[in-house]
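Visitor: Chain by chain, the residues run as shown.
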Amino acid sequence: METEYRFTHKHILSLDDLSPQDVDYILRVADSFKEISERPIKKVPTLRGKTVINLFFEPSTRTRLSFEVAAKRLSADTFNIAPSSSSTTKGETLVDTACNLAAMNPDIIIIRHPNSGAARLLARHINASVLNAGDGTHEHPSQALLDMMTVKEKKGRLAGLKVAIVGDITHSRVAHSNILGFSKMGATVTVSGPATLLPAGIEQMGATVCSSVEEAVADADVVMALRIQKERQRDPLIPSLREYANFFGITARTLAGAKPDALIMHPGPLNRGVEMDPAIADGPRSVILEQVTNGVAVRMALLYLIMGGD
Amino acid sequence: MAFFPLHESSLQPLLFTNGRIIDPVNGVDRSGDLLVDNGRIVATGEKLQPEHPGLRRIGLAGKWIVPGLVDMHVHLREPGEEYKETVASGTKAAAAGGFTAVAAMPNTKPVNDNQAVTTLIHVKAAAGYARVYPVGAISPGSSGDNLAEYGEMRRAGVVALSDDGRPVSDSQLMRRALEYAGNHHLLVISHAEELALSRHGAMNEGSLSTRLGLIGIPRVAEEIMVYRDLALARYTGRPIHIAHVSTREAVSLIRRAKEMGCRVTAETAPHYFTLTEEAVGRYDARAKMNPPLRTADDVAAIKEGLRDGTLDAIATDHAPHSELEKDVEFDLAANGIIGLETALPLALALVREGVITPSRLVELLAVNPARILGVAGGSLAVDGAADLTVIDPERQFVYTLDQIVSKSKNSPFLDWEMTGKAVLTVVGGRITYDGLQ
Chain X
1 METEYRFTHK HILSLDDLSP QDVDYILRVA DSFKEISERP IKKVPTLRGK TVINLFFEPS
61 TRTRLSFEVA AKRLSADTFN IAPSSSSTTK GETLVDTACN LAAMNPDIII IRHPNSGAAR
121 LLARHINASV LNAGDGTHEH PSQALLDMMT VKEKKGRLAG LKVAIVGDIT HSRVAHSNIL
181 GFSKMGATVT VSGPATLLPA GIEQMGATVC SSVEEAVADA DVVMALRIQK ERQRDPLIPS
241 LREYANFFGI TARTLAGAKP DALIMHPGPL NRGVEMDPAI ADGPRSVILE QVTNGVAVRM
301 ALLYLIMGGD
Chain V
1 MAFFPLHESS LQPLLFTNGR IIDPVNGVDR SGDLLVDNGR IVATGEKLQP EHPGLRRIGL
61 AGKWIVPGLV DMHVHLREPG EEYKETVASG TKAAAAGGFT AVAAMPNTKP VNDNQAVTTL
121 IHVKAAAGYA RVYPVGAISP GSSGDNLAEY GEMRRAGVVA LSDDGRPVSD SQLMRRALEY
181 AGNHHLLVIS HAEELALSRH GAMNEGSLST RLGLIGIPRV AEEIMVYRDL ALARYTGRPI
241 HIAHVSTREA VSLIRRAKEM GCRVTAETAP HYFTLTEEAV GRYDARAKMN PPLRTADDVA
301 AIKEGLRDGT LDAIATDHAP HSELEKDVEF DLAANGIIGL ETALPLALAL VREGVITPSR
361 LVELLAVNPA RILGVAGGSL AVDGAADLTV IDPERQFVYT LDQIVSKSKN SPFLDWEMTG
421 KAVLTVVGGR ITYDGLQ
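Top to bottom, those sequences are chains X and V.
According to the working numbering, the first sequence is numbered sequentially starting from 1.
According to the working numbering, the second sequence is numbered sequentially starting from 1.
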C-alpha cells in the first residue's frame, strides 16, 4: 500500500534535509501560490495571526523584500530586524539575540547571517520555525528552490537536464544549494570557474568539475552565472575583474556550445559586464527576472508548509 | 570516587598485591606485588610480607599497575581564565584520568614567558592533584618577534619551551630559539602550523568543509611547518618535539627524519586516532580543534605511527573552554577539547584493537613523555618516587556530563561508552584519586 506523502519539516535549513519528494511538493505548492501575486487583491488569509521575523545580519534587498512580500501576501505580521552583523562585538551572542526574539513568541524566524551554520544554531535554541535565508558560505535553500521552480516551469522537468554553474563556487551558498538540489532531482550539474574558486571535494556534493567554461556549458540546458563576491575574498583569488570577465564571463562566445534554448540564470545582484555580458543578461534566453517573481511564490510555499500547511 | 590534593594526602605505606605490573623500562610485564613506603617504591616481587604499621593492602586482581601517566600537553588556563580551568581543577581531572604529572602550555593570560608566571603556577600546583611542569613561551607574549628569558624561566622551573596556540611564523626566530634553548638545556616543542594557509579556517579542508560552507585548514598547513622545524632541528643539531600530529604526511616526515638520525620526538592526541572530521557533523563545536580532525586515512597513519615508534607519546592537548566560547557560530567557536579523563580509555581501545600492546601503551603515556621532558617518572624501579597508576582494563562506564571532573565540559566523547579506566592514582606515595570502589 502506498503511504500518503506528508511534508513534515519544521525548519528549512539546508537542501540536504529535503527529499526529492519534498522538493517536488514545495515546487507544486509554489506553483499554485503564484497566481495569488497576479490578482488585483494580492492577499490570502492563510497565515493570519502568525508572526514572521526577518532577522538579517547581512545587507540584503531582494531576499529580504521577497520574504516580506511572501509573508504579507499570506497575511502574516512581519517584522524586520537588521542587527549589525557584528552584534557579537556588542556583547550579545547570536543565541542571546535569538532567545530574546523567541521570548516574543514569533512563529517563524527567517535568518540571514555571515556565519555558516548560524541558522542551524538558531534552530537548536528556539521553538519557532527557522528559515535559512543564507548562512555564510553554506546554503541558501529558498534561492535553489526558486531556481528549480523556474527551470521546471520552462523545461517541464528537472530530471535529465544539464545545468552548468559558472563562477565563484567556493563562496557561493547559492551554488551549494543548487548543486545539492538539482542533482537530488536527477539533473547533471557541471561547475567551472577559476581554480582558486573551486572548493575541495565539490564533486562529492554532486557536481562535475570542468576545466573550462566552454566545457562546462557544452550541451547545457541551463547556464547559471554566480556573483563575484568581492566582500568574501580575503585571499588573492583572481587577478582582476577584467581578466575574470574575459575568461569566465558568460558571453555569446562561451555560450556557443550550450543548447540553443538554454536558460540563462543569475541569482543577483548582477555585476554587469563581469559575470555576464549585458546583452546575454537582457537577452531572450535570460530568465533572471522570472527567478525573482518565482522567489515570492517559493517563499510563500515555504512559509505555508513549515506552518503545517492546510 | 574520592580525590585528595597533594598537600592533604598522607604518606601511608601501600601494598599492592597480585596486580599485573607493566614497567617497560625495566623489561617487566608480570603479575606480582609492589610495596610503597615513605613516598618511594621499596619492593616489588611475589607474595611480599611487609610489616609496616598502618599498611594499606590493595588487591589488584585483574588490574594493571603502571608508572604514573604523564601528559606532556595540557592547558590549565591559570592564570587568567580561571572560569575555564584552574591548576587545581585541571590536575584533579588529570588524577581522575590516571595522570600523575602534566606539562602546562604557556598560553595563559598573561603568557608564561617569565619566571613570575612560572613561579605562580608552581605555587598553585602545590595544592593540586598532580605534578605540574610548566612550559615556557618561545617569545615574550608569544608574539613571535624575540626570544623570551629562557634561563630565568628554567631556573624558575620550566621544563620545555613552546609556541603552542600561537605558532612561530618567523623561521629565523625558530632557529634562534632552538639554538638558545640549548644553552639552558630546554626542549623546544613545535606547534606546527603555517598560518598563511590555515588562517580563518574552522575545520579540515575537504568535501565536508565545502558542504558545510566552512573555511578549510589544509593538511599542508601542518606539514610545511613540520618539515621546516625538522629541517631547522637538523641544521642546528638541536632536538625538537612536534606537538599534536594529525596528518599522514606529517607522520611520514617524522619517520624519515628519525631514519636520518634527526633528534625528533612527536606526540599525537587521542582524538586524532579516534575521530575523523565527520564528528563535526552539523556544526558541533565540540569537535572543533586545532589542528582539526582529519580523515580516516590520516587516522590509520597516526595509528601506524603509534605502533611503529614514529610517534613517541600520546598527549591530550586538554583545552578547556566554557559554553561562552563553544555555543556560538562554528567559525567563532574556540578551538580545543578537554581530554584528561578520556585519554586512557581511548588508548586502551587501541590495545583491544590490536594496534599496540599494553607495554607500548605505557611507553606512550608514561615512559616517553617523562623521558622527552627530562622529568622523573616513567619507571617502577625500586627506590624511585612512587608515581603510579592502577588501571582496570575491563571497567565499563559511560562518560556522562555529571562525572566530568574538569571545570569545562567541551568533549566530543560525551555519552560515549568506554571500557577501561584508571581506578587509583598515586603521586609520590600519596593517593590523589581513589576510584577502586
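These are calculated hints, taken from the structure and not from any lab test.
A hint or two may mislead.
[Unchecked claim] Per label pair, the in silico range of CB-to-CB distance:
| hint | chain 1 | residue 1 | chain 2 | residue 2 | range |
| --- | --- | --- | --- | --- | --- |
| 1 | X | 212 | V | 249 | 44 to 50 angstroms |
| 2 | X | 246 | V | 172 | 49 to 55 angstroms |
| 3 | X | 125 | V | 54 | 29 to 35 angstroms |
| 4 | X | 28 | V | 308 | 45 to 51 angstroms |
| 5 | X | 201 | V | 110 | 37 to 43 angstroms |
[Said to hold, decoys possible] Taking beta-carbon pairs under 10 angstroms as the criterion, some of the chain V residues facing chain X (in silico):
| hint | residue |
| --- | --- |
| 6 | 51 |
| 7 | 208 |
| 8 | 213 |
| 9 | 216 |
| 10 | 218 |
| 11 | 283 |
| 12 | 327 |
| 13 | 329 |
| 14 | 331 |
| 15 | 399 |
[Unchecked claim] Not close to chain V: a few residues of chain X, all C-beta gaps over 10 angstroms, as computed:
| hint | residue |
| --- | --- |
| 16 | 9 |
| 17 | 237 |
| 18 | 261 |
| 19 | 283 |
Quick reminder that beta carbons are idealized off the backbone N, C-alpha and C, glycines included.
Visitor: In this structure, is the beta-carbon distance linking residue 125 of chain X and residue 54 of chain V contained in 29 to 35 angstroms?
Guide: Once the Cβ atoms are compared, 55 angstroms apart, the range 29 to 35 angstroms for residue 54 of chain V and residue 125 of chain X is violated.
Visitor: If you take the shortest Cβ to Cβ gap from residue 208 of chain V to chain X, is it below 10 angstroms?
Guide: Holds: closest Cβ of chain X sits about 7 angstroms from residue 208 of chain V, inside 10 angstroms.
Visitor: Was the hint right that residue 331 of chain V lines chain X, CB cutoff 10 angstroms?
Guide: Residue 331 of chain V check passes; min Cβ-Cβ to chain X is 5 angstroms, inside 10 angstroms.
Visitor: Verify this label for me: residue 261 of chain X is non-interface relative to chain V, using a Cβ-Cβ cutoff of 10 angstroms.
Guide: Non-interface label on residue 261 of chain X holds, nearest chain V Cβ at 32 angstroms vs cutoff 10 angstroms.
Visitor: So, residue 216 of chain V near chain X? Judge it on the closest CB pair being under 10 angstroms.
Guide: holds (6 angstroms)
Visitor: Beyond 10 angstroms on every Cβ pair: is that true for residue 9 of chain X relative to chain V?
Guide: The assertion about residue 9 of chain X holds, with a minimum of 15 angstroms to chain V.
Visitor: Could you see if the CB distance from residue 212 of chain X to residue 249 of chain V stays within 44 to 50 angstroms?
Guide: Violated, at about 31 angstroms.
Visitor: Does residue 329 of chain V hold up as a contact with chain X if the rule is Cβ-Cβ below 10 angstroms?
Guide: Holds, about 4 angstroms.
Visitor: Is the nearest Cβ of chain V still more than 10 angstroms from the Cβ of residue 283 of chain X?
Guide: holds (32 angstroms)
Visitor: Given residue 213 of chain V as an interface hint, is the shortest Cβ-Cβ distance to chain X below 10 angstroms?
Guide: Holds: closest Cβ of chain X sits about 3 angstroms from residue 213 of chain V, inside 10 angstroms.
Visitor: Is the hint on residue 218 of chain V kept, meaning its closest Cβ partner in chain X is under 10 angstroms away?
Guide: holds (8 angstroms)
Visitor: Can the hint on residue 399 of chain V be confirmed by a CB-to-CB distance to chain X that is less than 10 angstroms?
Guide: Violated, because the Cβ-Cβ distance from residue 399 of chain V to chain X comes to roughly 22 angstroms (cut-off 10 angstroms).
Violated hints, in rising order: 1, 2, 3, 4, 6, 15; the structure is consistent with all others.
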